[in-house]
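S.K.: Taken in order, these protein sequences are the chains called F and Z. Counting in our numbering, the first sequence runs from 1 upward without gaps. Counting in our numbering, the second sequence runs from 1001 upward without gaps.
Calculated from the structure, these hints are not laboratory results. The beta-carbon is built from N, C-alpha and C at its ideal position, and this holds for glycine as well. Each hint should be verified, as a subset may be incorrect.
Incomplete in silico selection of chain F near chain Z, CB under 8 Å [said to hold, decoys possible]:
{"id": "1", "residue": "T82"}
{"id": "2", "residue": "I133"}
{"id": "3", "residue": "P135"}
{"id": "4", "residue": "T137"}
{"id": "5", "residue": "M141"}
{"id": "6", "residue": "L190"}
The calculated PhoX-like cross-link candidates involving lysine-lysine, where the alpha carbons are at most 25 Å apart (straight line), are [said to hold, decoys possible]:
{"id": "7", "chain 1": "Z", "residue 1": "K1170", "chain 2": "F", "residue 2": "K197"}
{"id": "8", "chain 1": "F", "residue 1": "K130", "chain 2": "Z", "residue 2": "K1231"}
{"id": "9", "chain 1": "Z", "residue 1": "K1170", "chain 2": "Z", "residue 2": "K1050"}
{"id": "10", "chain 1": "Z", "residue 1": "K1168", "chain 2": "F", "residue 2": "K197"}
{"id": "11", "chain 1": "F", "residue 1": "K174", "chain 2": "F", "residue 2": "K68"}
{"id": "12", "chain 1": "Z", "residue 1": "K1148", "chain 2": "F", "residue 2": "K261"}
{"id": "13", "chain 1": "F", "residue 1": "K334", "chain 2": "F", "residue 2": "K323"}
{"id": "14", "chain 1": "F", "residue 1": "K218", "chain 2": "Z", "residue 2": "K1236"}
{"id": "15", "chain 1": "F", "residue 1": "K68", "chain 2": "F", "residue 2": "K35"}
{"id": "16", "chain 1": "F", "residue 1": "K218", "chain 2": "Z", "residue 2": "K1258"}
{"id": "17", "chain 1": "Z", "residue 1": "K1236", "chain 2": "Z", "residue 2": "K1018"}
{"id": "18", "chain 1": "F", "residue 1": "K130", "chain 2": "Z", "residue 2": "K1258"}
{"id": "19", "chain 1": "Z", "residue 1": "K1258", "chain 2": "F", "residue 2": "K174"}
{"id": "20", "chain 1": "F", "residue 1": "K138", "chain 2": "Z", "residue 2": "K1018"}
{"id": "21", "chain 1": "F", "residue 1": "K130", "chain 2": "F", "residue 2": "K35"}
{"id": "22", "chain 1": "Z", "residue 1": "K1107", "chain 2": "F", "residue 2": "K197"}
{"id": "23", "chain 1": "Z", "residue 1": "K1219", "chain 2": "F", "residue 2": "K94"}
{"id": "24", "chain 1": "Z", "residue 1": "K1183", "chain 2": "F", "residue 2": "K261"}
{"id": "25", "chain 1": "Z", "residue 1": "K1148", "chain 2": "F", "residue 2": "K333"}
{"id": "26", "chain 1": "Z", "residue 1": "K1227", "chain 2": "F", "residue 2": "K303"}
{"id": "27", "chain 1": "Z", "residue 1": "K1148", "chain 2": "F", "residue 2": "K197"}
{"id": "28", "chain 1": "Z", "residue 1": "K1258", "chain 2": "F", "residue 2": "K334"}
{"id": "29", "chain 1": "F", "residue 1": "K39", "chain 2": "F", "residue 2": "K130"}
{"id": "30", "chain 1": "F", "residue 1": "K261", "chain 2": "F", "residue 2": "K211"}
{"id": "31", "chain 1": "F", "residue 1": "K207", "chain 2": "Z", "residue 2": "K1148"}
{"id": "32", "chain 1": "Z", "residue 1": "K1168", "chain 2": "F", "residue 2": "K206"}
{"id": "33", "chain 1": "F", "residue 1": "K197", "chain 2": "F", "residue 2": "K218"}
{"id": "34", "chain 1": "F", "residue 1": "K68", "chain 2": "F", "residue 2": "K97"}
{"id": "35", "chain 1": "F", "residue 1": "K182", "chain 2": "F", "residue 2": "K22"}
{"id": "36", "chain 1": "F", "residue 1": "K206", "chain 2": "Z", "residue 2": "K1236"}
{"id": "37", "chain 1": "F", "residue 1": "K97", "chain 2": "Z", "residue 2": "K1219"}
{"id": "38", "chain 1": "Z", "residue 1": "K1219", "chain 2": "Z", "residue 2": "K1231"}
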Amino acid sequence: MTKLSIHEYKGVFVFVQQIDNKVTSVSYELISKGKELAKELETSVTAVLLGFKVDGLCQNLAKYGADKIIVVDDASLETYMTEPYTHAISEVIKAHKPEIVLFGATAIGRDLAPRVSARLHTGLTADCTKLEIDPETKNLMMTRPAFGGNIMATILCPEHRPQMATVRPGVMQKSELIEDAKVPVEQFKLDDIAAHKNVEIMEIIKKTAGKMDIMDAKILISGGRGMGCPENFKLLEDLAHELGGTISSSRACVDAGWVEKDRQVGQTGKTVRPNLYIACGISGAIQHVAGMEESEIIIAINKDPGAPIFEVADYGIVGDVTKILPLFTEQIKKLIAQ
Amino acid sequence: MMNIIVCIKQVPDTNEVKLDPVTGTLIREGVPSIINPDDKAGLEAALHIKDEYGAKVTVISMGPQQADLALREALAMGADEAILVTDRAFGGADTWATSSTLAAAIKKMDYDLIITGRQAIDGDTAQVGPQIAEHLGLANISYAEDIKIEGDSVLVRRQYEDRYHMLKAKMPCLITALSEMNKPRYMTPGGIFDAYRNKEVTIWTRTDLEVADGNIGLKGSPTRVYKSFTKAVKGKGTVVALDTQESVDFLIEKLQEKFIL
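Construct the complete structure from the given sequences, taking the supplied hints into account.
M.R.: This is how it looks when you write it as structure tokens:
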């Protein structure tokens, strides 16, 4: 790509993920982040919404700071499928030539964005945790963990456009809502989206959502292998109940089948930043820490004084978590009763 | 007979990677190399299909000469053929150039089904599978938890955060496998013997592939690593070793200070 043609690409685009006609939280986070980037580039942020009968979602996209919205509304886009979505967003990008396109690093974004990048012959950086504009070149600097979170790498896409990134949910902050925001909405028409279906959805099975999503929780009581056995997770549940939080866990307990995968914090789980994170019997492998180190207050309880979790904890207790937790819960219960 | 191609990557076991506490750099010495876990699950899925319906399973890997070891392990598990795509010209590739190279290699072969792992534990990008499918113009299904064959189609349970989709696609297509899908079989003694005595790892270099110079290696990579660094460690907090009652008192005091209680 020549220098000249690179300068034809303007603006920041955000792929808006909707499931069952509800916008996924990470899309709002990316509109807010996209707005910051757009400001530095003296351009605008555009939300690109794909779906069926999704006009009702536009108001919120405007509130979170989108300067413009492009909607591709088609029955074939009602439920996510790789090829129809790849086709639609690629056509939007070809027509509008944005310099940056952001996707959430979700089970949808991490399938869609690679195909789009291969189709458009441009670079893609996965699972970013930081996005900045290089003040000199105006290139997007995309920072992400690598080697299982052991190191961070900053990636550039200097000679191809658009510069594309998937961004980890929960990392970027949503901005303040702009009430009564009114922004232009463009209906992007594509004729033959249905012809691009090459996979058939036979059935959709939703998992029952019993517990609060750990990414939304303000207080997380998190258990690791040091809890000893799955029965001891009851101790975490009890404390979470008193504090109005929910439970999460390290990868070891998910692998051992003690808790559901949706509870997992870390590099291959979820990134959380609650107000309070209590790590119980978690040693603090770097992969785990990568998912929770941004928590406001971190408390760690662990038998091993050398556990790396103490390196990131604000308050560390060396001790037996199965003894401390019941007493802690009981004492809190008394305090609340007063 | 059905032809299945499984893409595997040899990776350092990142769970074993430690940081040098003084220099903050990665200590790579002594870190074992393994078949990437998601890829190994993909291989197991292919071998399972082979057991059930009969199939020829070919494993392919792009990497340095040492990746021979990972391919031999795959042969010892039961794969029929192994191909190592290796050349200095392929070095420094990002996911775009890697997928373009692997796609060029796969184009030379017969296939009904291509299986890759969802992502490799050293890069965690999950990009190469879908990108290979795009280069080959195939349908892809990512995040597979289960794969079944039904006539000329695959039935796949595709994982999302809060649901599954049961998907059906006509072959040829590409599937990316999750390590949760199965428990890979062990190599058998006979398999190991075969893998080293009776089977070959075919080597393909730059000249074996029909692909433009601009689409491979560092030159064919749209992305560049600008810098890499270890994360700044946050200031250490207070760690105490007290008896149970005192520990609880300490915690309550801190939570009250921070207005959580």
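S.K.: Give a verdict on every hint.
M.R.: Results of checking the hints against the structure:
1. T82: The hint holds - T82 of chain F has a Cβ within 8 Å of chain Z, the shortest such distance being about 6 Å.
2. I133: violated (13 Å)
3. P135: violated (14 Å)
4. T137: For T137 of chain F, the interface hint is violated, since the closest Cβ of chain Z sits about 10 Å away, which is over 8 Å.
5. M141: The hint holds - M141 of chain F has a Cβ within 8 Å of chain Z, the shortest such distance being about 7 Å.
6. L190: violated (19 Å)
7. Z:K1170 / F:K197: holds (11 Å)
8. F:K130 / Z:K1231: holds (12 Å)
9. Z:K1170 / Z:K1050: Distance ~18 Å between K1170 of chain Z and K1050 of chain Z Cα, so the pair holds.
10. Z:K1168 / F:K197: holds (11 Å)
11. F:K174 / F:K68: Given pair K174 of chain F, K68 of chain F holds - Cα atoms ~17 Å apart, limit 25 Å.
12. Z:K1148 / F:K261: holds (23 Å)
13. F:K334 / F:K323: holds (18 Å)
14. F:K218 / Z:K1236: holds (23 Å)
15. F:K68 / F:K35: holds (11 Å)
16. F:K218 / Z:K1258: holds (14 Å)
17. Z:K1236 / Z:K1018: Given that 25 Å is the threshold and the Cα spacing comes to 19 Å, the pair holds.
18. F:K130 / Z:K1258: Roughly 28 Å separates the two Cα atoms, so the pair is violated.
19. Z:K1258 / F:K174: The given pair, whose Cα atoms are some 24 Å apart, holds under the 25 Å limit.
20. F:K138 / Z:K1018: Answer violated: K138 of chain F to K1018 of chain Z is near 35 Å, above 25 Å.
21. F:K130 / F:K35: holds (14 Å)
22. Z:K1107 / F:K197: This hinted pair holds, its Cα atoms lying about 23 Å apart.
23. Z:K1219 / F:K94: Given that 25 Å is the threshold and the Cα spacing comes to 24 Å, the pair holds.
24. Z:K1183 / F:K261: Holds, at about 17 Å.
25. Z:K1148 / F:K333: violated (51 Å)
26. Z:K1227 / F:K303: violated (37 Å)
27. Z:K1148 / F:K197: holds (20 Å)
28. Z:K1258 / F:K334: Status holds; Cα separation ~19 Å.
29. F:K39 / F:K130: holds (16 Å)
30. F:K261 / F:K211: With a Cα-Cα distance of about 12 Å, the restraint between K261 of chain F and K211 of chain F holds, given a limit of 25 Å.
31. F:K207 / Z:K1148: holds (21 Å)
32. Z:K1168 / F:K206: holds (18 Å)
33. F:K197 / F:K218: Answer violated: K197 of chain F to K218 of chain F is near 41 Å, above 25 Å.
34. F:K68 / F:K97: Answer holds: K68 of chain F to K97 of chain F is near 14 Å, not above 25 Å.
35. F:K182 / F:K22: holds (20 Å)
36. F:K206 / Z:K1236: Not satisfied, since the Cα-Cα distance of roughly 42 Å exceeds 25 Å.
37. F:K97 / Z:K1219: This hinted pair holds, its Cα atoms lying about 24 Å apart.
38. Z:K1219 / Z:K1231: Between K1219 of chain Z and K1231 of chain Z the Cα gap is close to 29 Å, so the pair fails against 25 Å, i.e. violated.
Of the hints listed earlier, those the structure fails to meet are numbers 2, 3, 4, 6, 18, 20, 25, 26, 33, 36, 38, in rising order.
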